Amino acid sequence: MRQEPINRLSEKGLRVWRIYGIFQSLIVFLVGIGAGVINYFTGQYIWLYIADGVLVLLIGYLLIYLFPKIRWTRWRYEVREQEIELQHGLFIVKRTLVPMVRVQHVDTEQGPILRKYDLSSITISTAATSHTIPALVTWEADELRGRISVLARVAEDDV
Amino acid sequence: MMYKEKFTLHPISAVINFLKVLKDMIIPFVIVIGVNGFGGGGFEGWTSYIIYIVYVVLLVALLVSGIVEWKRFRYWFEEGELRIEYGLFVKKKRYIPFERIQSLNYTEGILHRPFGLVKVKVETAGGGATKEADAELTAISKEAAEQIKKEMVLAKNKESVTIDETDQTEPTVEQRKPLFCMSQKDLFILASTSGGVGVFFSGLAVFVSQFSELIPYETIYNEIIMFIRFGALLIALIVFFVLLVAWVVSVAITFINYYEFTIRIEDDEIIITRGLLEKKKVTIPLSRIQGIRIVENPLRQLTGHATVILDSAGGSLAEKDEKIRLIPLIKKDKINHILVQIFPDYEFEANFKRVPRRSRKFFYRLDFLWMIPVAASVSYFFFPFGLFSLLLFPLSFLWGAWQHKTAGYWMDERQLVVQYRLFSRVSIWMEKKRIQAMTEHTTYFQKKAGVSSLMTTIKSGVSGSATTIPHIEKVDAESLMEWYEPTRIEPIDIEKEQPL
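Read top to bottom, the protein sequences are chains L and W. Each residue of the first sequence is one higher than the last, beginning at 0 in numbering that gives the first Met the number 0. Each residue of the second sequence is one higher than the last, beginning at 0 in numbering that gives the first Met the number 0.
Hints were generated in silico from the structure; no laboratory data involved. Quick caveat, the model's predicted, so the values are computed rather than measured. Accuracy of the hints is not assured; some may be wrong.
Mimicking BS3-like on lysine-lysine, the simulated pairs with C-alpha atoms at most 27 Å apart in a straight line are [said to hold, decoys possible]:
1. W/K92 x W/K148
2. W/K155 x W/K280
3. W/K92 x L/K68
4. L/K93 x W/K431
5. W/K22 x W/K280
6. W/K432 x W/K360
7. L/K93 x W/K352
8. W/K473 x L/K68
9. L/K93 x W/K404
10. W/K280 x L/K93
11. L/K93 x W/K432
12. W/K176 x W/K90
13. L/K93 x W/K360
Covered stretches of chain W (chain L as the covering partner; in silico rule of three or more C-beta atoms under 8 Å from a C-beta of chain L) [to be verified]:
14. 435–444
15. 450–463
16. 471–484
Note that the Cβ used here is the ideal one computed from N, Cα and C, for glycine as well.
Extracted from the complex, chain L is given alone in its bound form:
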């Protein structure tokens, strides 16, 4: 059995994902209300109201609580001298290996919500793929970006 990568995302990342989850649930909530209104004008079945409500609550629970939690616990990364290893995925566990020689450039990025929590995402691009570590404390992300770009420069390659 291969070792899991050691580093985790920032604790605050989980909170940010919960916020994203709230936004997504809001949309679901509005759709749910729409369905309720349609039901009101067409049939007024009690059981439809109940099913509608339960469904919205269930999706909200999944989006706000369960999925972020699973994703967060699953997310691991490790930057070693010769390669970067990532592990993530909600239903499918994905473990990715990117050799340093393949890395072409590294970007960090910060949206408004991430900025509020002083977080950044970091994207590692090869000639053909790109891989994002979604929530790291900003100074950590900056340091990591510097480290990867130094390590990647050490090994130069043709493609």
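Place chain W on chain L using the hints.
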């Protein structure tokens, strides 16, 4: 600074420019004519001619712009760069350093051939996201094209005299003769089987519809069956003839496009020439090749034929097919002999390790998920005949089992070979140093069964191309990850391997 001679294009390029713009405009043109009608709608008398006058003026303007474009175009060589000056209203200059040029592609169109001209397309390394990144010389003489090549070699040699000079002398003389020439017979097989599957099936449908009278349920739904059988026969016949015509056309097109298909190796470049009316010459530097695919569609697998396709890095976005057909059609047993000569670094005798038996269910089980509601509702709403949709299940099972049987992989220290099937059987050779990233996927069910899928990505064109080894033993997936992981082997070895 010494004076450099500036070259112009051949005058025929004015005509070519004109025709090219015309070709781009033909569809809007037709639409405009179609909308207005030829009579000009509500206009009376001479006013209805205005529309034609507009067309004529437009055509003349296009022709003039084509001529001006040709007049304005200059190219010359200076300071190890190919310099181009062009532009209709705004004068633009583009300087392309020779060492940046990845390849020169030559095309001889119908208009080129009587004058012994070629179109030269200059391809630079990946770089630009726009079409503009590359340069195109619409029509120059073959000698001029040869000169560009010479200048390029000269400039590149200046860069690294020591390495290149030894390289250049020997292979050029010896390997001028073609490595592979497609025979007329293979060409015909290629042309006739390229669209063949559809014709085959529609022919089969005609055949089967003849035999439906043997099936006894006729007595029960006599009238319905009569109608359906007659309808089915008619439709099958129509489809068959439409496909037959399409097939004949596609045979002709393939024949014209792939006529005299030859492969040559010169100066670490693969040179492919082909075409009857339009002679195309494509150059691919060997160092840009990322992967080699052997594709066998089921029909050709039966006759023992295959296609060889290359994945090449870079290339302009304008060029749609970054996958290059190295060999359009060849007998399977002759492939290795040729590929070994072109790619001495690869090992083509692969001894595939197959996927474990217990992972067979993963190849079809997921499809059942959407098929159950579909088949159920189709059976329900179209009751008696809808039941045929249940046939989806055994078919999809057989297809999955077929894919399972084909899937496999093999690796040695330097390369990974993956074999899989969607419909055609594909075997892809990838060098380890060309693999950009590797990802192991495990679903919950896969984890329980102790299997994983492994996705490898190589560069192909301007983006990537991913190949998945489906549902192999977890242990094997992990050993493959270890195989790929740089620290597990001697780091020095990798460093040595890199420059090529």
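Evaluated hints:
At most 27 Å may separate the alpha-carbon atoms for a hinted pair to count; W/K92 and W/K148 meet this at roughly 21 Å. Between W/K155 and W/K280 the alpha-carbon distance is near 22 Å, which keeps this suggested pair within the 27 Å criterion. A distance of roughly 56 Å separates the Cα atoms of W/K92 and L/K68; the hinted pair therefore is violated under the 27 Å criterion. Of the supplied pair hints, the one linking L/K93 and W/K431 holds, its CA atoms being roughly 20 Å apart against a limit of 27 Å.
Restraint check for W/K22 and W/K280: satisfied, since their Cα atoms lie roughly 23 Å apart, inside the 27 Å limit. Among the hinted pairs, W/K432 with W/K360 is inconsistent with the structure: their alpha-carbon atoms are about 33 Å apart, more than 27 Å. About 23 Å separates the Cα atoms of L/K93 and W/K352, which keeps this hinted pair within 27 Å; it holds. Annotation: proposed proximity of W/K473 to L/K68 holds, straight-line Cα distance about 26 Å (limit 27 Å).
For the suggested pair L/K93 and W/K404, the alpha carbons sit about 25 Å apart, so the restraint of at most 27 Å is met. With a CA separation close to 42 Å, the supplied pair W/K280 and L/K93 exceeds the 27 Å bound. At roughly 22 Å between alpha-carbon atoms, L/K93 and W/K432 fall within 27 Å of each other, so this suggested pair holds. This hinted pair does not check out: W/K176 and W/K90 have alpha carbons roughly 43 Å apart, beyond 27 Å.
With a C-alpha separation of about 21 Å, the suggested pair L/K93 and W/K360 falls inside the 27 Å cut-off, and the hint holds. Here's how the segment 435–444 of chain W fares: 9 of its residues keep a CB closer than 8 Å to some CB of chain L, so the rule of at least three is met and the hint holds. With 6 residues having a Cβ less than 8 Å from any Cβ of chain L, the segment 450–463 of chain W passes the three-residue criterion, so the hint holds. With 5 residues bearing a CB less than 8 Å from a CB of chain L, the segment 471–484 of chain W meets the requirement of three and the coverage assertion stands.
In terms of the numbered hints stated before, the structure departs from hints 3, 6, 10 and 12, listed from lowest to highest.
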